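Dock chain C against the given chain G, drawing on the hints supplied.
Going down the list, the sequences are from chains G and C.
With the numbering used here applied, the first sequence corresponds to residues 21 to 243, in that order.
With the numbering used here applied, the second sequence corresponds to residues 137 to 614, in that order.
One thing to keep in mind: the hints can contain errors.
[Claimed, not checked] From the structure, some residues in chain C lie toward chain G, with a derived Cβ separation under 7 Å:
1) Asp-422
2) Leu-440
3) Leu-532
4) Asn-533
[As the list claims (entries may be wrong)] Listed below are the simulated DSSO-like cross-link pairs for lysine-lysine, each with C-alpha atoms no more than 30 Å apart in a straight line:
5) G/Lys-204 - C/Lys-171
6) G/Lys-36 - C/Lys-212
7) G/Lys-81 - C/Lys-266
8) C/Lys-159 - C/Lys-174
9) G/Lys-204 - C/Lys-212
10) C/Lys-518 - G/Lys-36
11) G/Lys-134 - C/Lys-371
12) G/Lys-127 - G/Lys-81
13) G/Lys-226 - C/Lys-296
14) C/Lys-159 - C/Lys-610
15) C/Lys-586 - C/Lys-171
16) C/Lys-174 - C/Lys-212
17) G/Lys-226 - C/Lys-174
18) C/Lys-174 - G/Lys-81
19) G/Lys-81 - C/Lys-171
20) G/Lys-106 - G/Lys-81
21) G/Lys-226 - C/Lys-586
22) C/Lys-212 - G/Lys-226
23) C/Lys-171 - C/Lys-159
Keep in mind that the hints were calculated from the coordinates and are not lab data.
Since we're looking at a predicted model, the values are computed, not measured.
By construction, the Cβ of each residue, glycine as well, lies at the ideal position given by its N, Cα and C atoms.
The lines below spell out each chain.
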Amino acid sequence: MSARDAILNRVRNALKPGASEAERRRLVDERLTAAPNGVIPARGQLPEQERVALFCTMAQKIAATIERVGKADDVPKAVTQYLRAKNLPASVRMGADGRLAAMPWAKQRSLTVKSGPSDGDDEVGVSHALGGVAETGTVVMESGPANPTTINFLPEHHIVVVDAKDVAGDLEAVLERVRRAYGKGEMPRTLNLISGPSRSGDIEQKIILGAHGPRALHLIVVG
Amino acid sequence: MEITSPRFKDNAAHALADPQLQKALGNVRAGFIDKRQKAVDGLPEFDLLRDRAREIKDHALANLDLYLEAYEAKVKATGGHVHWAETAEDARNIVLDICRRAGARAVTKGKSMITEEIGLNDFLSANGIKPVETDLGEYIIQLRGEHPSHIIAPAVHLNKEQVEADFRRVHDHLAPSRDLEEPEALLGEARRVLRPAYFDADVGITGANFLVAETGSSVIVTNEGNGDLTQILPKVHVVVASIEKIVPTLSDVAQILRVLARSATGQEMSVYTTLSTGPRRPGDPDGPEEYHVVLLDNGRSSMLGTEFQDMLRCIRCGACMNHCPVYHAIGGHAYGWVYPGPMGAVLTPSLIGVDKGGHLPNASTFCGRCESVCPMRIPLPKMMRSWREREFERGLNPAPQRYGLGLWAFFAKRPRLYRLAASIGIPVLSAFSFGKGAFGSLPLAGGWTKHRDMPAPESRTFMQQWRERDAVSKQAAA
Chain G
21 MSARDAILNR VRNALKPGAS EAERRRLVDE RLTAAPNGVI PARGQLPEQE RVALFCTMAQ
81 KIAATIERVG KADDVPKAVT QYLRAKNLPA SVRMGADGRL AAMPWAKQRS LTVKSGPSDG
141 DDEVGVSHAL GGVAETGTVV MESGPANPTT INFLPEHHIV VVDAKDVAGD LEAVLERVRR
201 AYGKGEMPRT LNLISGPSRS GDIEQKIILG AHGPRALHLI VVG
Chain C
137 MEITSPRFKD NAAHALADPQ LQKALGNVRA GFIDKRQKAV DGLPEFDLLR DRAREIKDHA
197 LANLDLYLEA YEAKVKATGG HVHWAETAED ARNIVLDICR RAGARAVTKG KSMITEEIGL
257 NDFLSANGIK PVETDLGEYI IQLRGEHPSH IIAPAVHLNK EQVEADFRRV HDHLAPSRDL
317 EEPEALLGEA RRVLRPAYFD ADVGITGANF LVAETGSSVI VTNEGNGDLT QILPKVHVVV
377 ASIEKIVPTL SDVAQILRVL ARSATGQEMS VYTTLSTGPR RPGDPDGPEE YHVVLLDNGR
437 SSMLGTEFQD MLRCIRCGAC MNHCPVYHAI GGHAYGWVYP GPMGAVLTPS LIGVDKGGHL
497 PNASTFCGRC ESVCPMRIPL PKMMRSWRER EFERGLNPAP QRYGLGLWAF FAKRPRLYRL
557 AASIGIPVLS AFSFGKGAFG SLPLAGGWTK HRDMPAPESR TFMQQWRERD AVSKQAAA
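Here chain G stands alone, though its shape is the one from the complex (with noise of 0.2 Å):
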């Protein structure tokens, strides 16, 4: 017998069903189909302007710095005096995303983009949220041609645009979006939840930023 089949056989023998085989799959297929919500805490389900206040609050509370933009064109700008405030070189890496694509980084004439993956030797790194969380100021990204996942971790500095019309009150929402821009039960690679810049309490349990992954986490809202 194969292993798969030993373990499969030991847990049927072991939980003993109550209900039939039949009404169990039932049940199993009804969950899966249907991925009850549960419990949706009060707190980020509040009327647009409020949400995305209270989103900026969360990050602000877990160590992320926020500036607000009036709309999308106004980014670069916003990227450039980031890097002047913080004495950065004057170079972002990003991935190829179309709603990035579309700011007039030209007009920052300083400013070099490189585009791909990170190398690991960039200071700064720019990408775009596929949404984020107003309950606990988390940020949600998604991989993809146009999204490198390298870029969320390997620069010291990560600067996060996000739409304010995507940031929803609670994570189910954020995943019901997931859900219906790839379809139910599929996923991007990867999807990656960031809630502030990194950081480690290893050593004597003090809570130091900037362990493997950024630094700083800069988000950008836009609108």
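Same frame as chain G, but now just chain C:
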């Protein structure tokens, strides 16, 4: 790793006498409890979410065979490979085989208790493959040749001076004059030293906090980002996870996440929650070319359908040990195997046998704090009692304890005789304490009086005092 659980009492005595350890354990007592409480207070729905989390896992366990099949089908559909391992040895061999086929010389590892459980690092090293732990705490203890003393804070038994000494010893290519006094400097050095290791590794190995049947995804929850670099940079990603990590859907993950980080570190969310589904896809600019999941049983299926099934709800947050007076006193290494604290006291006898792990369920004051903070509402004290019963049934406790209990039972089942013996014995003991109220030493009770005094009984028995009380209150009523 060598199992020292049968020597638990010696381990505990050494731990109590270790000043460095005692200093470090102060950080557990000071930090975790307050942080968790604050996070819990900040979410009014916390207890409802605990109920929901328990329901989710109970449902998943009751249908584990079906969810495992659904999960496997999804992983395969996304181009991943699923390997089933009945034992730790099977799992080690499967991982080695994957590494060999990838021509691997070095592997990076994200923090994972399951690979500690199967002793993967020693096995890979013995077979010529270098494992590099990348979580800061895991990296530190790997340098020291130690094992984690806590399931989420592996180096919690150490102080910064010890870490500094290890870094100076191992990173001998760096300037001896460099400043490493503060944790910031130590973290910075570990970051710089480990960065190239991610790029040099041929295989990245992680555990999983959840396996999602709906999508075939594995989920890791971390703060440092090392787990992600481990799984996106090498060309092969191997996930090692035990079968009870299955949850039905993404929505269920979202529910349990709300109790996980709060219970563990007092965060609302850990910094990185990553859902991985299969290997790199056409057009992807990065990510692993191969994605493997090793599904490990190693004793879990024999817990199903028994009084220990509830333990399989455990999400490894560490809250039980963070709140345990025994863990606070002796730390994690004294428990002698991979899993310390109350969850370890229940899980260890299940996985390595009650003959080896039987001391652990005895190391409890039954104060109940572990159960009161467990996000999955696991009845830990009840299960420790079940282990004590099994230990007794199998005659594993020492003879004096067994005979003592037998003697007590003889009298307890004969109330008249019990009262008679007590009414003779208690005044005698009371008289022999010579008014000090306690004994510094007692024949046959050296194990107790070695560490503390034995309180001397009052001069009358409980029954005598009760009758007097009763008489007094009746008088007052009349």
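Hints versus structure:
Taking 7 Å as the C-beta cut-off, the interface hint given for C/Asp-422 holds, the closest approach to chain G being about 4 Å. Hint on C/Leu-440 holds. Least Cβ distance to chain G is approximately 4 Å, under the 7 Å limit. Given hint, C/Leu-532 at the interface with chain G, is violated; its Cβ is 24 Å from that chain's nearest Cβ, farther than 7 Å. Checking C/Asn-533 against chain G by beta carbon gives a least distance of about 28 Å; that is not within 7 Å, so the hint is violated.
A C-alpha spacing of about 37 Å is found between G/Lys-204 and C/Lys-171, which places the hinted pair above 30 Å, so the restraint is violated. Between the alpha carbons of G/Lys-36 and C/Lys-212 the distance comes to roughly 28 Å, so the proposed pair stays at or under 30 Å and holds. Straight-line distance between C-alpha atoms of G/Lys-81 and C/Lys-266 comes to about 39 Å, which puts the hinted pair past the 30 Å bound. Using a Cα cut-off of 30 Å, the hinted pair C/Lys-159 and C/Lys-174 holds, with the two alpha carbons roughly 24 Å apart.
This hinted pair checks out: G/Lys-204 and C/Lys-212 have alpha carbons roughly 16 Å apart, not beyond 30 Å. In summary, the hint linking C/Lys-518 to G/Lys-36 is supported, as the alpha carbons are separated by about 23 Å, within the 30 Å threshold. A C-alpha spacing of about 23 Å is found between G/Lys-134 and C/Lys-371, which places the hinted pair at or below 30 Å, so the restraint holds. Pair hint G/Lys-127 plus G/Lys-81 does not hold up; C-alpha atoms about 33 Å apart against a cutoff of 30 Å.
About 10 Å separates the Cα atoms of G/Lys-226 and C/Lys-296, which keeps this hinted pair within 30 Å; it holds. About 55 Å separates the Cα atoms of C/Lys-159 and C/Lys-610, which puts this hinted pair outside 30 Å; it is violated. About 37 Å separates the Cα atoms of C/Lys-586 and C/Lys-171, which puts this hinted pair outside 30 Å; it is violated. Among the hinted pairs, C/Lys-174 with C/Lys-212 is inconsistent with the structure: their alpha-carbon atoms are about 42 Å apart, more than 30 Å.
Proposed proximity of G/Lys-226 and C/Lys-174 is supported: the alpha carbons are some 17 Å apart, at most 30 Å. With a C-alpha separation of about 14 Å, the suggested pairing of C/Lys-174 with G/Lys-81 holds against the 30 Å cut-off. Between the alpha carbons of G/Lys-81 and C/Lys-171 the distance comes to roughly 14 Å, so the proposed pair stays at or under 30 Å and holds. Restraint check for G/Lys-106 and G/Lys-81: the C-alpha separation of about 20 Å stays at or below 30 Å, so the hint holds.
Distance hint between G/Lys-226 and C/Lys-586 is unfulfilled; the C-alpha atoms sit about 37 Å from each other, more than 30 Å. Of the supplied pair hints, the one linking C/Lys-212 and G/Lys-226 is violated, its CA atoms being roughly 42 Å apart against a limit of 30 Å. A hinted pair counts as satisfied when its Cα atoms are at most 30 Å apart, and C/Lys-171 with C/Lys-159 qualifies at roughly 20 Å.
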